[in-house]
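Colleague: The residues making up each chain are set out below.
Protein chains: 2
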Amino acid sequence: MPPPNTPLTNIRSDRVKSVRALSRRSVRERTGRFLVEGPQSVREVVRHQPELVVDLYLTADAAQRYGEVVDAAAAADLHVHEVSEDVLAAMSETPTPQGLAAVCRVPSASLDEVLAASPRLLVLLTHVRDPGNAGTVIRGADAAGADAVLVSDASVDVLAPKVVRSTAGSLFHLPVVTGLPVEATIARLREAGIRVLAADGAGTVLLPEVDLGPAHAWVMGNEAWGLEEEVRAQCDEVVRVPIYGAAESLNLAMAATVCVYASAAAQRG
Amino acid sequence: MPPPNTPLTNIRSDRVKSVRALSRRSVRERTGRFLVEGPQSVREVVRHQPELVVDLYLTADAAQRYGEVVDAAAAADLHVHEVSEDVLAAMSETPTPQGLAAVCRVPSASLDEVLAASPRLLVLLTHVRDPGNAGTVIRGADAAGADAVLVSDASVDVLAPKVVRSTAGSLFHLPVVTGLPVEATIARLREAGIRVLAADGAGTVLLPEVDLGPAHAWVMGNEAWGLEEEVRAQCDEVVRVPIYGAAESLNLAMAATVCVYASAAAQRG
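Residue numbers (our numbering), protein chains in the order written: chain Z, 863 to 1131; chain E, 863 to 1131.
Keep in mind that the hints are not guaranteed to be accurate.
One copy or two, either will do: identical chains are not told apart, so a pair holds if it fits within one copy or between any two.
[Stated by the list, open to error] Computed cross-link-like contacts, SDA-like style, restricted to lysine to any residue with a CA-CA straight-line distance of at most 25 Å: (1) Lys1024 / Ala1054; (2) Lys879 / Leu914; (3) Lys1024 / Arg909; (4) Lys879 / Ala937; (5) Lys879 / Arg1052.
The hints are simulated quantities; they were obtained by calculation from the structure and are not laboratory data.
With these hints in hand, go ahead and build the complete structure from the sequences.
Modeller: Here you go:
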């Protein structure tokens, strides 16, 4: 691999400021770019969607430690910049970005593309507000082999640094379509022959009673108050994960993971 | 209900200091007491294990808002103390204890008692270090109807404030036995006819292939490095949750929840 350029050391440069500004949603929306931090997420975007990477920044230390990322970046002809620890810290919101960060283009997945691929398992997030929950649900959907994750316009921004980090790279493994209006999206899923299942603690049908063989989408709502009445009414079934002990509920990420794994078990036998 | 005593307002009192000291593990171990904070956890200990509660502290505001907790405490003849917001804040590690906290005796569940009750589903945590993970696994085990959670001596203290909080009350719903030596515990489980299943990303058997009907215990290891070789060797099977997509793994709490729900599905039909 060629030696990286002269290290960037000026923490007050315009470049550093413009990267740092990506921690703000308004700047991400205006520029169509976002920041990916840490070895796991950076490795996964370089490996799975190198076409998204605009600039890859890494410290000399990280260049040595994560040689496979540097090699993959070189193979994909990416712009790699060596930076000082200070510059990387100034670019990032994270206390410890571990030597690596990448400015990436916002992925352009669309609902049309997702539906054109005849999906069998989808997840639709609506009013999910906690970054860690949203990221963990995307990771669980990826692990269970879901075809895509759909995110409503009233949810947390999945390109926020905390969400990106908590997906552990899954953001780059499957299409994540954002900014969707919930009700119109549910209507389109149903038109496409996809059963729409609301996952809600107030559900009347228990998870083990649902036939998860046919194509379906799980709709997951807000952490505290679940799904809105109108959204539940639009779904084919409102499904509850059974609680066998005395716990009041599962948290959103746990319930979502149980649901998508039940789907995978039914569809993959 | 009788009006609470004169409110405690001195944040420098010995009582406040001794409650605050319970945030330290050494003090919890020496005194055999720990602090339960927030409406959900306090409600659950008062409801399910009032005999553990030594003193219940609440603000005038919380006494009004959580009348059902006050009534249950009165019915159980607990010592209830009204405190100022400042006193409650000084007692607690939490930025927002939401007006309620209880000093409780450490639950005294033992492995003997657990085994005497012919358990069908157990979880054994070893080297689990993250408080949120430990708490979430206990909550998931409760939800799936597990008979008890066993915690090795090399794990996070489940009576630490962050763990207590993240169990969302489940700590008081099922026996949680702590301080167990891992290898001797696995040996005792096997002697008792309980199959011991290691859950590990390096497992050779996939979760859907395992017969989860008979009594069994799931052994969950460290977040980062899983289970030690010697522990895996002692188990009947080393089981992996299948990853159908491109995700590298599930996190500990998600994997544990998928496993215990698979167990519940198999045992409860």
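Colleague: Hints first: check each against the structure and report whether it holds.
Modeller: Results for each hint:
1. For the homomeric pair Lys1024 and Ala1054, neither the shortest alpha-carbon distance inside one copy (33 Å) nor that between copies (45 Å) is at most 25 Å.
2. In this homomeric assembly, Lys879 and Leu914 come within 25 Å of each other (Cα to Cα) only inside a single copy, at 21 Å, whereas the closest approach across copies is 55 Å.
3. In this assembly of identical chains, Lys1024 and Arg909 lie within 25 Å of each other by CA distance solely inside one copy; the values are 21 Å within and 36 Å between copies.
4. Proximity of Lys879 and Ala937 under a CA criterion of 25 Å is satisfied in neither setting, with 28 Å inside one chain copy and 61 Å between copies.
5. Neither within a single protomer nor between protomers do Lys879 and Arg1052 lie at most 25 Å apart by alpha-carbon distance, with minima of 45 Å and 60 Å respectively.
Going through the hint list in order, the structure does not satisfy hints 1, 4, 5.
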